[in-house]
Amino acid sequence: MTMSDLPPGLVLIIGAFILPIVGQRLRPILTLGLPLLTLYLVWSLPNGTFSTVPMLDYNLAFIQSDSLSRLFATVFSIMTFGGSLFALKQKRVLELASVFVYAGSAIGVVFAGDLISLFIFWEIMAVASTLVVLSAGGKRSYQISMRYFLIHVFGGTLLLIGILSHIVDTGSTAFTAMAPNTFGTIFILMGFLINAAAPPLSAWLSDAYPEASFSGAVFLSAFTTKAAVYVLLRGFPGSEVLIFIGVFMIFYGIIYALLENDMRRILAYSIVNQVGFMVTGVGIGTEMALNGVAAHAFTHIIYKGLLLMSAGSVLYMTGRRKCTDLGGLFQSMPLTAICSIIGALSISSFPLTSGFISKSMISQAAADESLTLVWFMLMAASAGVFLHAGIKFPWFVFFQKDSGLRPSDPPWSMRLAMILFASICIGLGVWPEYLYAMLPYEVTYVPYTVTHVVQMLQLLLFSGFAFFIMLPLMKRTLTITLDFDWTYRRFFALLLRRMFTIIWKIDGALRQAFLSKLDSGLSYLARRNVGASSLLSRDHPAGSMVIWVTVLLAIYLLMSFIG
Amino acid sequence: MNDQEKHWLVREKTIRLLWRGGIAMLFLLVMADFFIHAHPYFQIDGTFGFFSWFALVTCISMVLFAKALGLLLKRKDTYYDNE
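Residue numbers (the numbering used here), protein chains in the order written: chain A, 1 to 563; chain B, 1 to 83.
Hints are computed from structural coordinates only; laboratory data are not their basis. For each residue, glycine too, the CB sits at the ideal point set by N, CA and C. Among the hints, a few may not be true.
Said to hold, decoys possible - One-sided excerpt, in silico: chain A residues whose CB lies under 7 Å from chain B:
| no. | residue |
| --- | --- |
| 1 | G156 |
| 2 | L457 |
| 3 | Q458 |
Claimed, not checked - Far from chain B, some chain A residues (derived; all Cβ distances over 10 Å):
| no. | residue |
| --- | --- |
| 4 | I29 |
| 5 | I419 |
| 6 | V430 |
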């Protein structure tokens with residue numbers, strides 16, 4: 001077995017089982033070293049297909065390496081490294097081990113060369129991410145992780161149905177570009193979309209991610225949805241339906257984030273928003289759009305990780321998560337505030353940050369394809385991102401009002417992780433050519449023109465202006481906003497409860513009727529037998545007893561004569 | 001708390017200054033439209049100050065839409081607590 005036969009994700013998955021048994025001193029070395037080793041393996045893989053294993057009639061290809069899979073595996077490894085650095089203070093080993101399996105299987109998905117090995121890693125990812133949610137501990141996490149798991153098992157089942165039917169149709173397990181026009185491919189697409197948090201089953205994301213631990217949410221934000229973006233990129237480029245789904249996700253994310261009070265749920269809705277941009281780009285499907293999607297997935301993982309790290313730091317230091325409880329923290333947590341602002345500017349595509357050089361490729365692609373309405377919506381959404389995440393998140397957490405809280409910046413490992421990711425956000429924004437060189441197609445796009453910078457600044461700063469003049473309307477309240485999960489958490493629950501109430505009532509009435517019929521039947525029999533000496537009577541006169549004894553004795557006497 | 005005891009960034013004087021500076025910056029940005037070569041993809045996006053008013057109008061409508069949806073779908077954050 002050579003190095004290129006070892007799937008890079010396997011390093012993390014095997015590592016996950018070693019982590020719990022090594023001592024306190026070795027563990028941090030492994031948690032930081034293994035992601036770096038993975039990154040090295042990812043980069044030492046030449047293009048091509050390796051590590052094939054025969055299974056039944058098919059060959060499983062665990063590694064199919066090209067520029068697209070390398071790009072995603074790279075950012076997944078960087079994320080695992082940065083997240084592990086941030087999580088050094090996390091004492092729950094279960095979370096750490098689950099995270100390593102989770103990250104390893106996500107890397108497994110992006111290297112999977114056929115549909116069967118894709119499905120295997122897809123399901124490992126579902127189980128491991130559930131454990132990350134579960135490891136936060138407590139009854140609440142248990143309930144949430146079970147809801148999360150059910151949705152992903154459902155998505156996995158759709159995917160499996162699709163894959164099997166596709167294999168029957170085509171006779172091949174190869175994972176290549178498809179169009180959603182057969183039974184199998186439609187089911188595959190639905191399975192992918194559930195992990196991308198597409199409607200209607202999108203509420204699992206905002207339900208589960210904010211309930212993970214301060215460090216768990218950082219990892220969760222990166223892998224599931226972006227692995228889904230990867231498989232959509234590879235499997236369904238140019239499928240027009242994705243444009244509609246993506247645009248819906250973009251605005252859903254903005255509107256729900258605007259209404260939200262929990263700081264990490266704001267960020268969770270904004271993940272759906274950002275993945276919406278990517279799904280739209282996949283739907284547009286030109287080389288420019290697909291490059292844009294790949295680049296945006298890369299930058300998004302870093303700045304969203306950074307934003308969740310800053311939120312995690314606030315949670316770690318204060319134990320609070322609601323905007324109504326927070327505010328004014330910039331005074332005592334300056335570094336966290338600055339890193340959060342850098343992440344917020346990046347998500348908003350501010351010039352000189354990573355979002356600027358990636359997201360604008362997607363809107364450029366819409367313009368190139370003369371998709372008028374889509375382009376105007378993407379522009380409105382870019383302004384909306386600044387509104388709901390770019391300003392709202394840092395403003396309500398770090399400024400707003402003086403909550404009286406004076407927590408200090410978090411421990412050094414967490415600070416270092418935030419500084420690292422903030423530097424990557426700026427670095428990618430200033431020197432985009434390094435990211436562009438990694439993209440699947442050649443890049444001719446030039447992000448920094450005077451016109452583009454001025455227009456983007458106008459868009460963003462006027463969005464900021466709108467935020468501050470609308471501030472009285474944005475006042476945070478102690479509320480949540482009902483989402484589609486209401487249907488299965490309340491509506492169906494209520495419906496079933498009602499249904500069972502009715503069933504039990506009918507059942508009760510039937511039993512009652514049967515019992516009373518039985519009762520009257522028995523009492524009829526009893527009434528018929530109430531007189532003395534009838535067949536079932538309770539009372540028999542002593543005289544009849546004497547007669548019967550006499551009869552018996554007479555028979556006995558008679559028998560003795562015969563004998 | 002006395003205004004002088006507050007962090008310099010949240011003193012009323014600073015906030016006033018930030019508002020003025022911010023509005024001056026917005027004005028300059030709109031004026032910058034005179035000097036750049038807009039190359040519109042459609043038509044309206046090449047008009048003067050398009051990105052400014054478009055952002056303002058769409059953001060205000062998004063906030064108002066969210067507000068309206070909130071009236072319908074907002075619940076106390078203890079809504080699901082008895083599960």
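Hint by hint, here is what the structure shows:
1. Because the smallest distance between the Cβ of A:G156 and any Cβ of chain B comes to about 24 Å, over 7 Å, the interface hint for this residue is violated.
2. Against a cut-off of 7 Å between C-beta atoms, the interface hint on A:L457 holds, since the closest Cβ of chain B lies about 6 Å away.
3. Against a cut-off of 7 Å between C-beta atoms, the interface hint on A:Q458 holds, since the closest Cβ of chain B lies about 4 Å away.
4. Listed as a non-interface residue, A:I29 keeps its Cβ farther than 10 Å from every Cβ of chain B; the least gap is roughly 40 Å.
5. Every C-beta of chain B lies more than 10 Å from that of A:I419, the closest at about 22 Å, which supports listing it as non-interface.
6. The non-interface label for A:V430 is consistent with chain B: the shortest C-beta to C-beta separation is roughly 21 Å, beyond 10 Å.
When held up to the earlier numbered hints, the structure conflicts with hint 1 and nothing else.
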